[in-house]
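Protein chains: 2
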Amino acid sequence: MRPVAITGVGQTPVREHWDVGLRELAVQAIWAALEDAADPKVEALFVGNMLSGMMASQEHLAVLIADYAGLRGIEAVKVELACASGAAAFRQAVLAVASGAVRTAVAVGVEKLTERSIHATTEGLASAADADYEAAMGISFVALNALLMRRYMHEYGYQKSDFAPFVQLAHENAQANPNALFHFEVGRDQYEKSRMVADPICLLDSSPVADGAAAVVITAEETRAAGPQIPVWVHACEIGTDTIALDNRKDPLWMKGVEVSTRKALQRASLDHSRIRLFELHDAFSIMSALSLESAGFAEQGQAVRLANEGIFQLTGRLPMATAGGLKARGHPVGATGIYQIVEAVLQFQQRAPQPLQLEGVEYAMTQNIGGSGASVVTTILGRNKP
Amino acid sequence: MRPVAITGVGQTPVREHWDVGLRELAVQAIWAALEDAADPKVEALFVGNMLSGMMASQEHLAVLIADYAGLRGIEAVKVELACASGAAAFRQAVLAVASGAVRTAVAVGVEKLTERSIHATTEGLASAADADYEAAMGISFVALNALLMRRYMHEYGYQKSDFAPFVQLAHENAQANPNALFHFEVGRDQYEKSRMVADPICLLDSSPVADGAAAVVITAEETRAAGPQIPVWVHACEIGTDTIALDNRKDPLWMKGVEVSTRKALQRASLDHSRIRLFELHDAFSIMSALSLESAGFAEQGQAVRLANEGIFQLTGRLPMATAGGLKARGHPVGATGIYQIVEAVLQFQQRAPQPLQLEGVEYAMTQNIGGSGASVVTTILGRNKP
Numbered sequence: 035m036r037p038v039a040i041t042g043v044g045q046t047p048v049r050e051h052w053d054v055g056l057r058e059l060a061v062q063a064i065w066a067a068l069e070d071a072a073d074p075k076v077e078a079l080f081v082g083n084m085l086s087g088m089m090a091s092q093e094h095l096a097v098l099i100a101d102y103a104g105l106r107g108i109e110a111v112k113v114e115l116a117c118a119s120g121a122a123a124f125r126q127a128v129l130a131v132a133s134g135a136v137r138t139a140v141a142v143g144v145e146k147l148t149e150r151s152i153h154a155t156t157e158g159l160a161s162a163a164d165a166d167y168e169a170a171m172g173i174s175f176v177a178l179n180a181l182l183m184r185r186y187m188h189e190y191g192y193q194k195s196d197f198a199p200f201v202q203l204a205h206e207n208a209q210a211n212p213n214a215l216f217h218f219e220v221g222r223d224q225y226e227k228s229r230m231v232a233d234p235i236c237l238l239d240s241s242p243v244a245d246g247a248a249a250v251v252i253t254a255e256e257t258r259a260a261g262p263q264i265p266v267w268v269h270a271c272e273i274g275t276d277t278i279a280l281d282n283r284k285d286p287l288w289m290k291g292v293e294v295s296t297r298k299a300l301q302r303a304s305l306d307h308s309r310i311r312l313f314e315l316h317d318a319f320s321i322m323s324a325l326s327l328e329s330a331g332f333a334e335q336g337q338a339v340r341l342a343n344e345g346i347f348q349l350t351g352r353l354p355m356a357t358a359g360g361l362k363a364r365g366h367p368v369g370a371t372g373i374y375q376i377v378e379a380v381l382q383f384q385q386r387a388p389q390p391l392q393l394e395g396v397e398y399a400m401t402q403n404i405g406g407s408g409a410s411v412v413t414t415i416l417g418r419n420k421p
Numbered sequence: 035m036r037p038v039a040i041t042g043v044g045q046t047p048v049r050e051h052w053d054v055g056l057r058e059l060a061v062q063a064i065w066a067a068l069e070d071a072a073d074p075k076v077e078a079l080f081v082g083n084m085l086s087g088m089m090a091s092q093e094h095l096a097v098l099i100a101d102y103a104g105l106r107g108i109e110a111v112k113v114e115l116a117c118a119s120g121a122a123a124f125r126q127a128v129l130a131v132a133s134g135a136v137r138t139a140v141a142v143g144v145e146k147l148t149e150r151s152i153h154a155t156t157e158g159l160a161s162a163a164d165a166d167y168e169a170a171m172g173i174s175f176v177a178l179n180a181l182l183m184r185r186y187m188h189e190y191g192y193q194k195s196d197f198a199p200f201v202q203l204a205h206e207n208a209q210a211n212p213n214a215l216f217h218f219e220v221g222r223d224q225y226e227k228s229r230m231v232a233d234p235i236c237l238l239d240s241s242p243v244a245d246g247a248a249a250v251v252i253t254a255e256e257t258r259a260a261g262p263q264i265p266v267w268v269h270a271c272e273i274g275t276d277t278i279a280l281d282n283r284k285d286p287l288w289m290k291g292v293e294v295s296t297r298k299a300l301q302r303a304s305l306d307h308s309r310i311r312l313f314e315l316h317d318a319f320s321i322m323s324a325l326s327l328e329s330a331g332f333a334e335q336g337q338a339v340r341l342a343n344e345g346i347f348q349l350t351g352r353l354p355m356a357t358a359g360g361l362k363a364r365g366h367p368v369g370a371t372g373i374y375q376i377v378e379a380v381l382q383f384q385q386r387a388p389q390p391l392q393l394e395g396v397e398y399a400m401t402q403n404i405g406g407s408g409a410s411v412v413t414t415i416l417g418r419n420k421p
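Chains V and B, in that order, give the protein sequences.
With the numbering used here applied, the first sequence corresponds to residues 35 to 421, in that order.
With the numbering used here applied, the second sequence corresponds to residues 35 to 421, in that order.
The hints are simulated quantities; they were obtained by calculation from the structure and are not laboratory data.
Given the structure is predicted, the values throughout are model-derived calculations rather than measurements.
Don't take every hint at face value.
Identical chains blur together in the list; that is why a pair holds if it fits in one copy or across any two.
[Said to hold, decoys possible] Derived SDA-like pairs: lysine to any residue, alpha-carbon spacing no greater than 25 Å straight-line:
#1 K75 with S195
#2 K227 with G191
#3 K420 with Q301
#4 K194 with R222
#5 K290 with Y192
Use the sequences and the hints to build the structure in full.
Here is the structure:
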């Protein structure tokens, strides 16, 4: 595979975008990314999206977006992998360029979740679970995560308030990100009094569903035009999977998909954990942060919450996470989230993160996008230097 | 890109499969393909499917199928490109293997369209059109194709009965294919008396929606196990696109996506039209056969129907099509159709087509899978020899 670089990024603010449809939202992000890359010649478009069919009665989305973005005629496909659809589309774009099939591709993630009733959104999101054996029983994703969180607290002796640091750091970081949905601070006291959704998960444990689109331009080394931005190199993008249904797993507190996907990515990049200085993880719920950190190998089992309380994951800590607010406070437009994570990491490498979010000296960053409760996991490693 | 071969194929009969769900249907095809390839070590699964969300409230389908197929943990994504989802998944599988990212992949197409009411199916299929500007007006795919057929008849002076040969040959060929949905002959008289659906499209002009799954195993040259079957080589798999909405096209009778995709595929394979001896095209409606043949360059504009009446496309003709019954008589389980086409072409190369369908001396075959009314087109060229 030939080396592949990201040469342009674009994003819309994460909001309730009542004034634009799926296609316009995607086009805004694509155009921003193309401008950022100094208008390269794009040969293929990979669209990450989960729910355009169920929420907007629109399949065949990729071609529609290509046309409206002014890219009529190019190769275009939609990639679906539940909440990991964005990073999965990025993976396909990387394969297309790395293989030599195309020189330049765009990966865009787009989702509109606020267009219909919250019941429709909940039903849509539940389609990431096993429709016959989980969703049919009436279980929602917050309920599945509540089971995990309750078990985790029981197993390792934590109190609910111990999870506060995950939420606090996300909201603190989001305040400086103009594209984030939330711009308010969360105090420990506020977290503890937050309205219960599915015990022990409260409102402030949950990432908000919202609308958004983010895009990246990917180019092969030898054809990279001298764009205005420093290229950021793709050192790995690997997928690991697990059972969809939680009850099929031997240990529900161990996300095998995270373990496999992280290991494959580190192997592909020839790195170990110590080289990763930024981890944009999939903090859809506080418990997902803890399980991700542990299954990815950044914390011993049962220790992630303790490390969070020690401040390890804050901007000034050893392994910053959610530096632009994460899913928790930037917002979680599901099929777009994986691309938002990559865009945010790219901005860090290019010294374009808003102050005071800018990290210094990051050589490698990992982004991790998860579908379902750890059923599919896409782990990407980006680097400052060419692989 | 390294050479890639198909080493195993599998398919379920196209039927109304009331007794099995999406996952079981897909698994049947995957297991058949794996057995055919002598159980290779599979590293990635690409699922072509259009309507699992709208029809079965099941997204995140790829991981579910991987798990149920006994492939838990491997990379798995769903690829959606309306009725071309199957071949689009094949394209991604080819890129994954050709790039060197994985050694062996499975592409499976699966669709269940008969599980709910015909209204739900019609609504689902309409999501391949522009939801805001076409489907919202109440237009269905048969109506869109009726507009095209009427225009074509007007432009080139054909009568409706002139289209009979496309239907007759599909039904004639399907009789020998045990996996086809229909096993009855259609006489010219019968075609002319067929019930009108959307004038001038009658019931016998329309491919039947149904349930089905088909799968192929793809391997890189250097890792190909000495399986029992002769490998069939992928010489090209290219995507071309056009506007979704018909009214955005300069000439609705010219399918630009077909033209571009065919040209790209022939260029990639370094072939001209004369070398293609089998064309499995997307005969969703009789008019689509005519437009495909012309836009692909196998007939002058307005001449495809005349050539059909001359018998060119029959088994004994110069360019056989729909040799296993085509979409028309094998049936059209939308997201699976593109893989069925490839499976049928592979069987031809391996002398495994049922008699009297077996062609002799085919060196190259083209399969063409279309999404929408020509909006996205995946053209594959398979060959007997290594590229």
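Original post:
Broken hints, numbered, in rising order?
Top reply: 1
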